[in-house]
Amino acid sequence: MCVNRSELDKPIWSNLKFGFAGILFGIILIKSEVISWFRIQEMFRLQSFHMYGVIGSAIVVGIISVFIIKKFKVRSIDGEPIRFETKKFNKGQVFGGLLFGFGWALTGACPGPLFAQIGMGATVIIVTLFSAILGTWVYGYIREKLPH
Amino acid sequence: MNFIEWIRQPWPWWVAGPLIGLTVPVLLILGNRSFGVSSSLRHICAACAPMNISFFKYDWKKEVWNLFFAGGILLGGLITALFLSDPNPVVIDPKLASELAGYGVTNTEGLVPKDLFNWENLLTVKGLILIVGGGFLVGFGTRYAGGCTSGHAIMGISNLQLPSLIATCCFMLGGFLFANIVLPLILKL
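Which chain is which? The protein sequence lines are A and B, in order.
Mapping of the first sequence onto our numbering: residues 1 to 148, in sequence order.
Mapping of the second sequence onto our numbering: residues 1 to 189, in sequence order.
In short, the hints are calculated from the structure, not lab data.
There may be inaccurate statements among the hints.
[As the list claims (entries may be wrong)] In silico DSS-like cross-links for lysine-lysine, where the CA-CA straight-line distance does not exceed 30 Å: (1) Lys188/B / Lys145/A; (2) Lys61/B / Lys70/A; (3) Lys114/B / Lys70/A; (4) Lys88/A / Lys114/B; (5) Lys73/A / Lys61/B; (6) Lys57/B / Lys10/A.
None of these values were measured; they are calculated from a predicted model.
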């Protein structure tokens with residue numbers, strides 16, 4: 001589940017570069033309007049190609065990038081070999097996936113856009129973010145009782 | 001048209017999509033990090049309220065980069081609002097606009113509909129479902145699924161992981177069902 005696959009122990013300020021990457025990512029999310037509630041509704045009503053174009057072309061670029069990294073054994077800037085996570089199927093991807101889809105249709109946002117919307121000044125989304133954190137916590141609390 | 005005016009316009013999908021896709025190799029090369037945002041919510045739980053729940057007992061400090069990334073997204077939002085925002089209303093599909101107008105949602109300024117997501121609405125049934133209920137489903141669902149649009153749909157599929165493709169199909173199916181069948185009932189409230 002961990003997403004930091006580096007084995008190096010680095011000081012906390014070394015994370016600033018990820019903060020900078022986040023800033024750029026946030027600007028892209030907003031300028032492409034993928035954090036727009038309206039664009040998400042259009043996507044789920046098949047009224048616009050925009051979201052399909054964004055997600056589809058992001059996946060194509062991602063697939064090519066991962067292929068190149070694997071093929072040429074590209075290393076990280078720290079010189080580490082790049083490691084990939086193999087995901088195992090469990091029922092959570094179906095049940096959780098559907099539940100997240102419901103939430104996506106309601107809020108028009110996935111977790112990344114929640115942060116971007118708050119930054120843009122939609123202050124009430126702070127409540128949505130807290131609620132999402134609570135949802136994550138409740139999942140952790142009842143995890144063992146859920147089908148996986 | 002100068003650069004700032006040009007960059008202020010909404011970016012087409014063929015610019016934004018590839019840039020989002022490039023986030024995958026950028027994070028890998030910057031330090032072996034797998035692209036994903038929803039994990040940040042888990043790390044916040046682990047940092048603030050682990051409460052002896054095994055799911056939150058891990059070294060969240062090792063994952064603090066993800067909180068920097070999420071904080072960066074927030075800051076990126078602020079920067080865009082201050083310097084790069086498009087003064088024109090969002091262009092939306094006329095069918096969607098007329099459907100929404102039927103529910104009293106006519107303000108299409110900005111990216112978050114002000115007629116639905118505002119502090120006054122928070123204490124109405126409709127507002128509670130959208131703002132609080134929606135957020136809860138996003139947090140619960142993404143963690144149950146083990147990722148969100150970034151972790152599964154983009155990072156997972158880029159790495160050709162079948163479980164991520166299944167999860168993405170379920171995100172879409174859930175969204176289709178809810179947006180077309182349930183959401184209209186909620187907006188009528």
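Verification of the hints:
{"no.": "1", "hint": "Lys188/B / Lys145/A", "verdict": "violated, 35 Å"}
{"no.": "2", "hint": "Lys61/B / Lys70/A", "verdict": "holds, 28 Å"}
{"no.": "3", "hint": "Lys114/B / Lys70/A", "verdict": "violated, 45 Å"}
{"no.": "4", "hint": "Lys88/A / Lys114/B", "verdict": "violated, 40 Å"}
{"no.": "5", "hint": "Lys73/A / Lys61/B", "verdict": "holds, 28 Å"}
{"no.": "6", "hint": "Lys57/B / Lys10/A", "verdict": "holds, 21 Å"}
The structure does not agree with the numbered hints 1, 3 and 4 stated previously, though it agrees with the rest.
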